[in-house]
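Visitor: Chain E is already provided as a structure; the job is to place chains D and C on it using the hints.
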Amino acid sequence: MGPRRRLTHRVVEESVRVSHRPPQRRLLRLAARLGEVLADRGMGPAFLLPAVLLLFIILVGPFFYTIFLGFTDLSYSTPGHDGNFVGLANYRRLLADDPVFWHSVATTLRFVASSVSIEMVLGFGLALVLAAQVRRPRAVMPLLLVPMMLAPVAVGLLWKLVLQGEFGMVSYYLRKLGLIAEDTSLLGDSHLALATMVMVDIWQWTPFVTLVSLAGLLGLPRPPFEAAMMDGAGRVRIFFDITLPLMRPLLAMVLLLRTIDAFKEFDKVFLMTGGGPGISTELLSIYVYRVNFRNWDLGYGAVCAFMVYLVVLILCKLFYNALGQAGGSKPT
Amino acid sequence: MLIVTMTARAVVTMFAGISLAVTSCSCKGDKKQERPAPTPAGSAGSGEAAGPWSLEKAAAPYRGVTLRTIGESLPPLEAMGRLKADFEKRTGIKVVIEMYEHSEAVNKVMLDLNSKVGRYDFILQPHRELGRFVTNGHLLSIEKFLNNPALRDPSFVPEKVLQPVLWKEISQYDGKIYGFPFTALTMYVWYRKDLLADPQEQAGFKAKFGYDLKVPTTWKEYSDAAAWFNHPEKKFYGTAIQGKRHEALWYEWLNFLYSFGGDMMETDTGSKCGPIIVNSPEAVASLEYYKSLIQYSPPDTLNYFWDDVMALMQQGKVFELVMWNDSTYAVEDPAQSKVSGKMGFTTLPVQPGSKAGKTGQIEGWTYLIPTDSKNPEAAYLFIQWMMGFDQQLAQHLGGGASSRPDVYAQPDVKKLSYSQASMDTNAVARPKPTIPQSPEITDILVRELSLALTGAKSPKQALDTAAVEMNKLLGACAPLKYPVQ
Amino acid sequence: MSRGWRGAGKAVVLAAIVIGLVPYLWMFLTSFKSRVDALADTPRWVFSPTLEPYREVFLHKDYLPLVWNSVIIAVGSTILSLVLGVPAAYAFARLSFKRKEDLFFFFLTTRMAPAISVVVPMFVLFNHLGLVDTRSAVIFAHSTFNLSLVVWMMRGFFADIPAEIDEAAMLDGHTRAGAFLRVILPLTAPGVAATAVLCFILSWNEFLYAFILAAFESRTLTVGIPGLVTPHGTLWGQVAAVAVVATLPILLFTALVQKHLVRGLTFGAVKG
Chain E
0 MGPRRRLTHR
10 VVEESVRVSH
20 RPPQRRLLRL
30 AARLGEVLAD
40 RGMGPAFLLP
50 AVLLLFIILV
60 GPFFYTIFLG
70 FTDLSYSTPG
80 HDGNFVGLAN
90 YRRLLADDPV
100 FWHSVATTLR
110 FVASSVSIEM
120 VLGFGLALVL
130 AAQVRRPRAV
140 MPLLLVPMML
150 APVAVGLLWK
160 LVLQGEFGMV
170 SYYLRKLGLI
180 AEDTSLLGDS
190 HLALATMVMV
200 DIWQWTPFVT
210 LVSLAGLLGL
220 PRPPFEAAMM
230 DGAGRVRIFF
240 DITLPLMRPL
250 LAMVLLLRTI
260 DAFKEFDKVF
270 LMTGGGPGIS
280 TELLSIYVYR
290 VNFRNWDLGY
300 GAVCAFMVYL
310 VVLILCKLFY
320 NALGQAGGSK
330 PT
Chain D
0 MLIVTMTARA
10 VVTMFAGISL
20 AVTSCSCKGD
30 KKQERPAPTP
40 AGSAGSGEAA
50 GPWSLEKAAA
60 PYRGVTLRTI
70 GESLPPLEAM
80 GRLKADFEKR
90 TGIKVVIEMY
100 EHSEAVNKVM
110 LDLNSKVGRY
120 DFILQPHREL
130 GRFVTNGHLL
140 SIEKFLNNPA
150 LRDPSFVPEK
160 VLQPVLWKEI
170 SQYDGKIYGF
180 PFTALTMYVW
190 YRKDLLADPQ
200 EQAGFKAKFG
210 YDLKVPTTWK
220 EYSDAAAWFN
230 HPEKKFYGTA
240 IQGKRHEALW
250 YEWLNFLYSF
260 GGDMMETDTG
270 SKCGPIIVNS
280 PEAVASLEYY
290 KSLIQYSPPD
300 TLNYFWDDVM
310 ALMQQGKVFE
320 LVMWNDSTYA
330 VEDPAQSKVS
340 GKMGFTTLPV
350 QPGSKAGKTG
360 QIEGWTYLIP
370 TDSKNPEAAY
380 LFIQWMMGFD
390 QQLAQHLGGG
400 ASSRPDVYAQ
410 PDVKKLSYSQ
420 ASMDTNAVAR
430 PKPTIPQSPE
440 ITDILVRELS
450 LALTGAKSPK
460 QALDTAAVEM
470 NKLLGACAPL
480 KYPVQ
Chain C
0 MSRGWRGAGK
10 AVVLAAIVIG
20 LVPYLWMFLT
30 SFKSRVDALA
40 DTPRWVFSPT
50 LEPYREVFLH
60 KDYLPLVWNS
70 VIIAVGSTIL
80 SLVLGVPAAY
90 AFARLSFKRK
100 EDLFFFFLTT
110 RMAPAISVVV
120 PMFVLFNHLG
130 LVDTRSAVIF
140 AHSTFNLSLV
150 VWMMRGFFAD
160 IPAEIDEAAM
170 LDGHTRAGAF
180 LRVILPLTAP
190 GVAATAVLCF
200 ILSWNEFLYA
210 FILAAFESRT
220 LTVGIPGLVT
230 PHGTLWGQVA
240 AVAVVATLPI
250 LLFTALVQKH
260 LVRGLTFGAV
270 KG
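Chains as they are written, first to last, in numbering that gives the first Met the number 0: chain E, 0 to 331; chain D, 0 to 484; chain C, 0 to 271.
None of these hints come from the bench; they were simulated from the model. Just to be clear, a hint being listed does not mean it is correct.
Cβ pair distances, simulated, as ranges [unchecked claim]:
1) E:Arg91 - D:Arg89: 55 to 65 Å
2) D:Thr268 - E:Asn83: 27 to 37 Å
3) E:Leu312 - D:Gly136: 31 to 41 Å
4) C:Arg43 - E:Ala138: 26 to 36 Å
5) E:Arg234 - C:Phe46: 44 to 54 Å
6) D:Gly315 - E:Ala95: 48 to 58 Å
7) E:Arg234 - D:Lys233: 49 to 59 Å
8) D:Cys476 - E:Ala95: 16 to 26 Å
9) D:Lys233 - C:Pro48: 27 to 37 Å
10) C:Lys9 - E:Asp240: 22 to 32 Å
Glycine included, each C-beta is placed from N, C-alpha and C at the ideal position.
This is chain E alone, in the form it adopts within the complex:
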């Protein structure tokens, strides 16, 4: 038996031994039996069906209703707009008559591109440093995760407080350290507000990238590295030729998840700037919120929301295809 088979055999022995211990709870055992019986008749459907069914009822149903709404004039505020069919009128209005929407698209793309790219670089870089140079990375991780644990509304309020011009702790120290001028306003200046929101987003979500990257890095197999070092390869070559390709699926998954979530960014931007000053931080989600929940123009709002969904869908499909299957490939 080769070393690999020996290891696998040992693992299997261990697992089988563990599994023969009776489960603690009767219910669990019953569920297991039921699952086995069902599953033996076709593992795929039994394993996949419940999840797909839930999603279809709870999400896909309402989603298609939203699409349908896009062809109506439903509005909770204008009397008489009870959901009468209006064909493509809403789509025409969006494409021809709504400069604010398209400006929001541009603003959102800038926001997503800046924040996600910086988060990926910083997060992965930090994970590399942790994996390579910190003796007990797992002890340090919970400390790093704290920004991610706060509710987005809380993050918005917290940063509103610390960036406040007159009372904010962070703006006080930034001014003291000379990083910004006395009369610079981070959130009140239409040229700086978006950049400031990007910074806050980076603070909040880099830990997510770090966590997943670190888990991936610590899980990488040793042999390729040992072999490369024995061959005398330098650190940089090892990084580009071994680390990066092995990490690609994981990084791609994180990139996609972050991109999707960044497109939906709402809470903290709405709380901190309301989309202003002017329209400098008006993200798509804020615009859709206004149409749906302020104007209650649900027909038009449905079209706006569907457009946002389409943009994200197309972007992600492109990523997905370009980066190969993320998370589905076995390590080579």
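Guide: For chains D and C alone, kept in the frame of chain E given last:
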């Protein structure tokens, strides 16, 4: 002589007896002489005639009912939370109050009304939502309750005790009554009277500007004072505008708009639309003036709304503001404010040469009863009770803003430093739109005002864009009085 | 590796920790400050602390039940998402069938729909089902975005386990499902732990669904926070107090599954 006195006494007694009989028997055919209703504890000044109507009697059929309502989590609602115990004890009707943030309260109600869930028996909403609710059939007019002798408290005469313009604008739409004002809000000038009284400041000001430093009564005096007291190097500012992209901006600008003789539409009441004049020369002038105050404001002023400027004043970092009447207590509260006792309050300055004199805006939250309310009668009883003098006084002193002038006339209220300014402004306050498109109009204006303040557009461009969009939104009932090229 | 580099690495990590923690620490301090202290123009690190914000918001404003609501909803949606999502992920990792990758991509797309667009139809749907104003509605709604996370992450963890182990287990007499439950799943416990933590956090902190679909009495802590932003001044002490209390269960939960997280990462280093 004794006979004369006795006769006189008899006459007086007879007279008293007759008048008592006449006033206590108000219903035809009501032979039972019921004991007059026990007057609510401490009902000074209400002058109610005791009749057979009593709260307990009217509420008897609804005993055991639970009323549910929703409103903004602010002191007036919290005061209602404390006061309701009395009502619950007397009637056996329970009241549950859901407290939410402003826009949350509006959104929840909108969803509830449109999905006909019927969660709420009565609601508290900003008056600008009236048009939306009424035109979509979501509200019951309370006129039928007002005219129902079983429910109506004869001692409560809203036509007499409520300020009529406030009641009309805040709780009525298109000539029908939908409720009563929960709060009657307006804005005026807050300033530091200790700084005004300082002789050194006075001398320096006179030397620079050539007239005495005093409470600003014109907009020129307002900006001169802001200029004089503006010391950014000392982190003290002349004023602070609420420039964040938030409705606080629109509320604040309206004061300037009205003062300069402008308005959004040419109409005399909120429930009607009229020609759009939001881009008139007066309006543009008001926006230009408003923008000019940025130079005397903190650097972050374009990210400030009522919260931040309130904090500024409480921390003693600004000289004058245009702020709300219902939050004045917060700046006079020594537990949260460094400047309590140093504050002065006055009506908005005027713009000489404009056709508007002293002015202000009408704003408020109103009691409303939804069509799908499960207990509209019981809800009406509670609302009516809350509008009683004692409850209104207690609520007002607890941080509210009553619409009853007799509450303001109370010594406890009169001695508060801000009551005079509130009364004076309420007397000249002007309505704002309550038509269904009103909140959308606000959003359009907030965006354009914000763009004008950042310099991305000129004031005229911004207001022209707003006018065009309003016209598109409202259609024929709001033509452009100042067409845009 | 040169000492200079090691030092620089440690400094970078330290900087990252400081940047991440200091604002949180500031919020923690703010929860014990009076309003005057909280808004002082020179940041006050030393002040006389008060429990007033905690008392106000948790006792007077009755925010304690909200903690319980948050717990129920977060735990509920995590369990639901794991129970439904883990088997699905296993199926993706082991089976091959037509359009498998398309179905997998479908799971990803469920994450893309902005809540804002879907929540009103969802509200209408739950109204028809009589589920409005219940915590179950929120649990179902949260599973719509947590399911995709579970499927995605767990597929990767399952894929890392060689299929030979499944086969060996089946040779030993387990059924397919038995092999999954008794052999494979325990091996991925660390992955499940990490995924559970993320699901819990996302559900705990979610705002829109929890606000629209739950009743006033079942609202979560997150939904309770904006109510402290009032036109009379944001109650910073109370906001901070709620935020601090809101992070405690997450820290607790993370600490509880910490062991599995640790085991997972070491295990991963040993295999192969």
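Visitor: Next, verify each hint and record whether it holds.
Guide: Results for each hint:
1. In this structure the hint that arginine 91 of chain E and arginine 89 of chain D lie 55 to 65 Å apart at CB holds, the actual value being about 60 Å.
2. At roughly 30 Å, the beta carbons of threonine 268 of chain D and asparagine 83 of chain E sit within the given window of 27 to 37 Å.
3. As the Cβ distance of leucine 312 of chain E to glycine 136 of chain D is approximately 38 Å, the hint placing it in 31 to 41 Å holds.
4. Taking 26 to 36 Å as the suggested C-beta distance range, the pair arginine 43 of chain C and alanine 138 of chain E conforms, at roughly 32 Å.
5. For arginine 234 of chain E and phenylalanine 46 of chain C, the hinted distance range of 44 to 54 Å is satisfied, since their beta carbons lie about 48 Å from each other.
6. Checking the proposed 48 to 58 Å range against glycine 315 of chain D and alanine 95 of chain E shows it holds: the Cβ atoms sit about 53 Å from each other.
7. A hinted range of 49 to 59 Å holds for the C-beta pair arginine 234 of chain E and lysine 233 of chain D, which are about 55 Å apart.
8. For cysteine 476 of chain D and alanine 95 of chain E, the hinted distance range of 16 to 26 Å is satisfied, since their beta carbons lie about 25 Å from each other.
9. A C-beta distance of roughly 30 Å is found between lysine 233 of chain D and proline 48 of chain C, which places it inside the suggested range of 27 to 37 Å.
10. In this structure, lysine 9 of chain C and aspartate 240 of chain E meet the distance hint of 22 to 32 Å, their C-beta atoms being roughly 27 Å apart.
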